[in-house]
Amino acid sequence: DTGVSQDPRHKITKRGQNVTFRCDPISEHNRLYWYRQTLGQGPEFLTYFQNEAQLEKSRLLSDRFSAERPKGSFSTLEIQRTEQGDSAMYLCASRAAGGLGVYNEQFFGPGTRLTVL
Amino acid sequence: AQSVSQHNHHVILSEAASLELGCNYSYGGTVNLFWYVQYPGQHLQLLLKYFSGDPLVKGIKGFEAEFIKSKFSFNLRKPSVQWSDTAEYFCAVRSQGAQKLVFGQGTRLTINP
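Protein chains in written order, with my numbering: chain A, 2 to 118; chain B, 10 to 122.
None of these hints come from the bench; they were simulated from the model.
Heads up, none of these hints are tricks.
Derived lysine-lysine pairs resembling DSBU-like cross-links, with alpha carbons at most 35 Å apart:
1) K72/A with K58/B
2) K12/A with K58/A
3) K58/B with K70/B
4) K12/A with K70/B
5) K58/A with K67/B
6) K78/B with K67/B
7) K58/B with K12/A
8) K58/A with K78/B
9) K72/A with K15/A
10) K78/B with K58/B
11) K15/A with K58/A
12) K58/B with K80/B
13) K58/A with K80/B
14) K58/B with K58/A
15) K70/B with K80/B
16) K80/B with K67/B
Given the sequences, and given the hints that come with them, work out the whole structure.
Listed below in structure tokens is the structure:
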């Protein structure tokens with residue numbers, strides 16, 4: 002499978018614990034995005050990487066959230082001191098660079114479903 | 010701030026019926042528009058996209074959408090739905106120069122055989 006992959010697919014944790022999710026983008030896609038989706042809602046943007054640089058962060062990304070893409074390939078999203086409100090599906094997407102005036106679409110992974118008890 | 014509104018939360022149709030799902034956005038500048046679909050148990054997949062040119066855009070599986078700039082709308086249509094179209098449909102907007110997609114809340118479509 003050459004699509005976007007995410008690991009784990011499901012995570013159950015207790016309130017206050019730290020969790021880390023991994024995203025492997027499509028090979029050679031230099032742009033990577035994290036979104037969060039809660040029940041009955043569409044995905045909401047969290048953060049964006051171009052290569053290893055984190056270029057945009059949403060206000061939704063509180064201090065307890067941190068994302069990295071150390072070598073410009075896979076990315077991790079860590080949530081510290083999880084709260085019940087963090088329960089959601091965390092989606093990763095990647096996109097190839099476009100030319101001038103060209104925007105390629107984002108390809109989404111299957112997501113990691115987080116449940117905080 | 011940008012927002013996207015999908016008027017129908019849940020639509021139930023019989024096979025062969027015609028479909029139209031509404032999508033309106035709020036943003037005054039140039040936008041790119043998308044419809045994504047999520048079949049049960051699967052990833053979000055792109056159905057179709059609009060960047061410029063002909064406002065009537067054709068996508069996969071017989072879907073099409075029309076961009077009406079004056080109405081800030083990008084409604085999704087299909088003349089004859091199939092049971093396999095049962096899924097959740099998301100409209101999304103990207104303002105020119107931005108990276109993030111802004112999604113609507115989604116419309117759940119159920120097709121009865």
